[in-house]
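> Sequence:
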Amino acid sequence: MEVKQKPIIRQSSNFHPSVWGDQFLNYDEQEDQSTVEKMIEILKEEIRKEIVVALDDETKHVGLLKLVNDIQRLGIAYCFEQEIEQALHHIYTAYGDNWNHGCDFLWFRLLRQQGFYVSCDIFNKYKDNVGSFKESLTSDVEGMLELYEATYMRVRGEVVLDDALVFTKKELQKVTKDPPSWNCTLSLSKHIEEALERPIRKRLPRLDSLRYIPFYEQQDSHNISLLRLAKLEFNRLQFLHKKELSQLSKWWKAFDPPKNIHYARDRLVELYFWILGVYFEPQYSSSRIFLTKVITLTATFDDTYDIYGTYEELKIFTDAIQRWSITCIDALPDYMKLTYKILMDCYCEMEEIMANEGKAYQVGYAKEAMKESIRYFMIEARWLNEGYAPTLEEHELVTFMTAGLKMLTTTSFVSMGETATEEAFKWALSFPPLVKASCVIGRIMDDVIGHKEEQKRKHVMSTVECYMKEHGVEEEYVYALFKQRVEDAWKDTNFELLTCKDVPMVLKTRVLNLSRVMELVYKYDDALKNVGEEMKDYIKSCFVKAMSV
Numbered sequence: 005m006e007v008k009q010k011p012i013i014r015q016s017s018n019f020h021p022s023v024w025g026d027q028f029l030n031y032d033e034q035e036d037q038s039t040v041e042k043m044i045e046i047l048k049e050e051i052r053k054e055i056v057v058a059l060d061d062e063t064k065h066v067g068l069l070k071l072v073n074d075i076q077r078l079g080i081a082y083c084f085e086q087e088i089e090q091a092l093h094h095i096y097t098a099y100g101d102n103w104n105h106g107c108d109f110l111w112f113r114l115l116r117q118q119g120f121y122v123s124c125d126i127f128n129k130y131k132d133n134v135g136s137f138k139e140s141l142t143s144d145v146e147g148m149l150e151l152y153e154a155t156y157m158r159v160r161g162e163v164v165l166d167d168a169l170v171f172t173k174k175e176l177q178k179v180t181k182d183p184p185s186w187n188c189t190l191s192l193s194k195h196i197e198e199a200l201e202r203p204i205r206k207r208l209p210r211l212d213s214l215r216y217i218p219f220y221e222q223q224d225s226h227n228i229s230l231l232r233l234a235k236l237e238f239n240r241l242q243f244l245h246k247k248e249l250s251q252l253s254k255w256w257k258a259f260d261p262p263k264n265i266h267y268a269r270d271r272l273v274e275l276y277f278w279i280l281g282v283y284f285e286p287q288y289s290s291s292r293i294f295l296t297k298v299i300t301l302t303a304t305f306d307d308t309y310d311i312y313g314t315y316e317e318l319k320i321f322t323d324a325i326q327r328w329s330i331t332c333i334d335a336l337p338d339y340m341k342l343t344y345k346i347l348m349d350c351y352c353e354m355e356e357i358m359a360n361e362g363k364a365y366q367v368g369y370a371k372e373a374m375k376e377s378i379r380y381f382m383i384e385a386r387w388l389n390e391g392y393a394p395t396l397e398e399h400e401l402v403t404f405m406t407a408g409l410k411m412l413t414t415t416s417f418v419s420m421g422e423t424a425t426e427e428a429f430k431w432a433l434s435f436p437p438l439v440k441a442s443c444v445i446g447r448i449m450d451d452v453i454g455h456k457e458e459q460k461r462k463h464v465m466s467t468v469e470c471y472m473k474e475h476g477v478e479e480e481y482v483y484a485l486f487k488q489r490v491e492d493a494w495k496d497t498n499f500e501l502l503t504c505k506d507v508p509m510v511l512k513t514r515v516l517n518l519s520r521v522m523e524l525v526y527k528y529d530d531a532l533k534n535v536g537e538e539m540k541d542y543i544k545s546c547f548v549k550a551m552s553v
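Just so we're on the same page, our numbering is the position in the sequence shown counted from 1, plus 4.
It is worth saying that the hints were derived from the structure and are not from the lab. Don't take each hint at face value.
Think about it this way: if two alpha-carbon atoms lie no more than 30 Å apart in a straight line, the pair counts; the simulated DSSO-like pairs of lysine-lysine are [claimed, not checked]:
| # | residue 1 | residue 2 |
| --- | --- | --- |
| 1 | 549 | 533 |
| 2 | 70 | 495 |
| 3 | 194 | 544 |
| 4 | 178 | 235 |
| 5 | 430 | 319 |
| 6 | 70 | 549 |
| 7 | 430 | 363 |
| 8 | 48 | 64 |
| 9 | 440 | 495 |
| 10 | 181 | 533 |
| 11 | 495 | 549 |
| 12 | 341 | 363 |
| 13 | 430 | 206 |
| 14 | 540 | 505 |
| 15 | 42 | 235 |
| 16 | 174 | 129 |
| 17 | 540 | 194 |
Using the sequences and the hints, build the whole thing.
Written as structure tokens, this is what we have:
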């Protein structure tokens, strides 16, 4: 007698389909760009000479700082990496903490951004006898804005910068409500509003350049050559990004996700945009393509563990990932076979590329990071299956890992050149404080914005519910507390970027940029689950609209 199997009851995800269709599947080939490329090289050389001239003249060091700031904010720092490092190192060694040429706030921010741990004592001279910031500061709106931006470079215990943030935020909000009474142009007022919304430290450089270029162009003192270079470089890079996105779109479309991976988020374009936030520069094209494939698969696995897979299926899949062999595919449920094969092929392809450079070990570390992430996904699945309510400490040990930022950090180093040594991969996998700070930012922001929606279906408790249950407090209290935890994690990020010497700044910057992506995606909504108008605008600005030169 045939025994009938019980039908499997699966949860519904209700994710909306991709909003882009085949829009990025193809791109228009560029005409011969040799003339443009020659112009770019001429402009670069012109700017390099300006930096050299300013370096050799002490009276031009303030102008040098302003030039470096403009280069960075216009999104072309990658064209002048050595020159910027040389310039800021020269200023640091020449003056130490004894800078006395004006533009103190810009000096402080730029040097700390570059990894020079200059003292915040310079800010004390802007306080009066009772410890408040001097009223005279309010007469210089642009100076207040620079002070505001500088405060976001602070580490724990720098009370003067905490106070400066409170002061400048309050005063700048007044300016935006009535710009004329502060002799503030509408252009500067909008610039201030954008800064209050998201300071430079938390912005993705590529998106910041989109806003800064038109603002810079309106300044009477703008450098025509620098502006032209920024626009030409933006368009040149946009073409490369469109080419990469087309390649990735064809790769993903070949698997027919709406049919074969129908339960998961179909967000290839949005995830490529995320990875563009990690590194947009031309030299990281190979890294960008690999990391986009990895994060796209990870999002699919996340939905498999969170929503679609049964506990027994997930145990089989977890074991197959740990064994990492295509021979495991026959043991998997049919719907899991495709994603497993894509995963194997993706890493195998990259391993062959890196083997040709003698660096196949890099992909080995990326595999280990993926295996670890999957193990933590499985712990969450077990909690849900058993109805287990973890303590907050247990919860964070697991969910800081399922946030994926440790895995993404490790994988982001693949194909990044000579700086991505074996020691760097070991550092990332050791879960150093910098990576932990990024996980705190990502996990908490994600949970605060998404926990109510997740609890509508069968889902493991979020950090919000865990804290409420353990401490017997209201939701709003947890929100306020977690907001402060995120700010403290940004302070820890700053501290580690200044003090951690285990890996070079170019690698640590990937961790910083991952935190910036979290800040953008999870500040007001889960922009991956619900792709709103703001996210669509960001994507169109990066991949559709060219810059008029």
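> So, for every hint listed, does it hold in this structure?
Hint by hint, here is what the structure shows:
For the hint linking residue 549 to residue 533, the alpha-carbon distance of about 24 Å falls within 30 Å, and the restraint holds. This hinted pair checks out: residue 70 and residue 495 have alpha carbons roughly 25 Å apart, not beyond 30 Å. Among the hinted pairs, residue 194 with residue 544 is consistent with the structure: their alpha-carbon atoms are about 21 Å apart, no more than 30 Å. For a cut-off of 30 Å, the pair hint linking residue 178 to residue 235 is broken: about 33 Å separates their Cα positions.
The suggested pairing of residue 430 with residue 319 holds, with an alpha-carbon distance near 28 Å, which does not exceed 30 Å. In summary, the hint linking residue 70 to residue 549 is supported, as the alpha carbons are separated by about 28 Å, within the 30 Å threshold. Proposed proximity of residue 430 and residue 363 is supported: the alpha carbons are some 14 Å apart, at most 30 Å. Using a Cα cut-off of 30 Å, the hinted pair residue 48 and residue 64 holds, with the two alpha carbons roughly 20 Å apart.
At most 30 Å may separate the alpha-carbon atoms for a hinted pair to count; residue 440 and residue 495 meet this at roughly 12 Å. Distance check on the hinted pair: residue 181 and residue 533 sit about 34 Å apart at the alpha-carbon level, beyond 30 Å; violated. For the hint linking residue 495 to residue 549, the alpha-carbon distance of about 35 Å lies beyond 30 Å, and the restraint is violated. The straight-line distance between the Cα atoms of residue 341 and residue 363 is roughly 29 Å, inside the 30 Å bound, and the hint therefore holds.
For the proposed pair residue 430 and residue 206, the alpha carbon gap of about 27 Å is at most 30 Å, so the pair holds. Among the hinted pairs, residue 540 with residue 505 is inconsistent with the structure: their alpha-carbon atoms are about 38 Å apart, more than 30 Å. Of the pairs offered as hints, the one joining residue 42 and residue 235 holds, with about 15 Å between alpha carbons and a cut-off of 30 Å not exceeded. Under the criterion of a C-alpha separation no larger than 30 Å, the hint pairing residue 174 with residue 129 is consistent with the structure, at around 20 Å.
Annotation: proposed proximity of residue 540 to residue 194 holds, straight-line Cα distance about 21 Å (limit 30 Å).
This entry does not satisfy hints 4, 10, 11 and 14, going by the numbered hints stated previously.
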